[in-house]
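Just need the whole structure built from these sequences, with the hints factored in.
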Amino acid sequence: NAGVMQNPRHLVRRRGQEARLRCSPMKGHSHVYWYRQLPEEGLKFMVYLQKENIIDESGMPKERFSAEFPKEGPSILRIQQVVRGDSAAYFCASSPGTGEVEQYFGPGTRLTVT
Amino acid sequence: AQSVTQPDIHITVSEGASLELRCNYSYGATPYLFWYVQSPGQGLQLLLKYFSGDTLVQGIKGFEAEFKRSQSSFNLRKPSVHWSDAAEYFCALGFGNEKLTFGTGTRLTIIP
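In order, the protein sequences belong to chains A and B.
Heads up: the first sequence begins at 1 in this note's numbering, then just goes up one per residue.
Heads up: the second sequence begins at 1 in this note's numbering, then just goes up one per residue.
Treat the hints as calculated values from the structure; they're not laboratory data.
By construction, the Cβ of each residue, glycine as well, lies at the ideal position given by its N, Cα and C atoms.
A couple of the hints might just be wrong.
Looking from chain A toward chain B, a few residues come up when the C-beta cut is under 10 Å (computed) [what the hints assert, rightly or not]:
hint	residue
1	6
2	33
3	40
4	48
5	50
6	58
7	89
8	97
9	103
10	106
In silico DSS-like pairs for lysine-lysine, Cα to Cα no more than 27 Å straight-line [as the list claims (entries may be wrong)]:
hint	chain 1	residue 1	chain 2	residue 2
11	A	71	A	44
12	A	44	B	68
13	A	27	B	61
Here it is, written out as structure tokens:
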């Protein structure tokens with residue numbers, strides 16, 4: 001059973017460009033979470049999604065950031081008009097949503113804004 | 001508001017020595033508690049978890065943690081560390097399917 005997949009692993013964007021980060025949850029998992037890790041800091045929650053629904057977006061910046069988890073395909077975290085402060089590691093986690101409540105993390109996408 | 005505190009930013013331990021990493025939490029009820037380990041440039045791997053029941057939980061790689069309700073703590077321990085244990089360790093809390101709240105992490109260095 002493959003783990004949580006994230007791509008790309010590294011992404012470089014110039015200021016003002018768009019960044020699209022993809023996350024494929026583990027097979028059978030219907031809950032996806034996105035977290036951001038700034039340098040030398042812990043992980044901060046951004047958004048929690050189930051298929052076609054945003055359950056909790058309390059950690060998402062109000063502007064430029066959006067997330068989706070469509071019926072088919074991976075979850076996407078989209079950052080428009082990136083700024084230097086968006087440089088961070090973005091981690092996706094998934095869980096089955098029933099029974100087990102553990103979140104399994106992907107390897108992360110390291111975004112660098114130049 | 002819920003929070004997790006890891007008071008030690010950096011700990012250095014000799015190989016073969018015992019280890020204890022501290023974690024304190026603030027939550028309105030008894031949360032689910034987790035310890036994750038992160039090697040440089042890698043994602044997070046779950047070491048162990050506490051949901052309910054026995055307050056001493058065993059995890060992978062020889063780690064264990066003890067939940068103490070009276071102290072709001074969930075400290076991670078290992079009787080004898082190996083050089084491969086050098087990494088960043090994160091304590092986290094959650095409840096049900098809700099988001100996880102992480103501490104700021106403790107960086108563990110192992111010296112020969």
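*Broken hints, by number*: none
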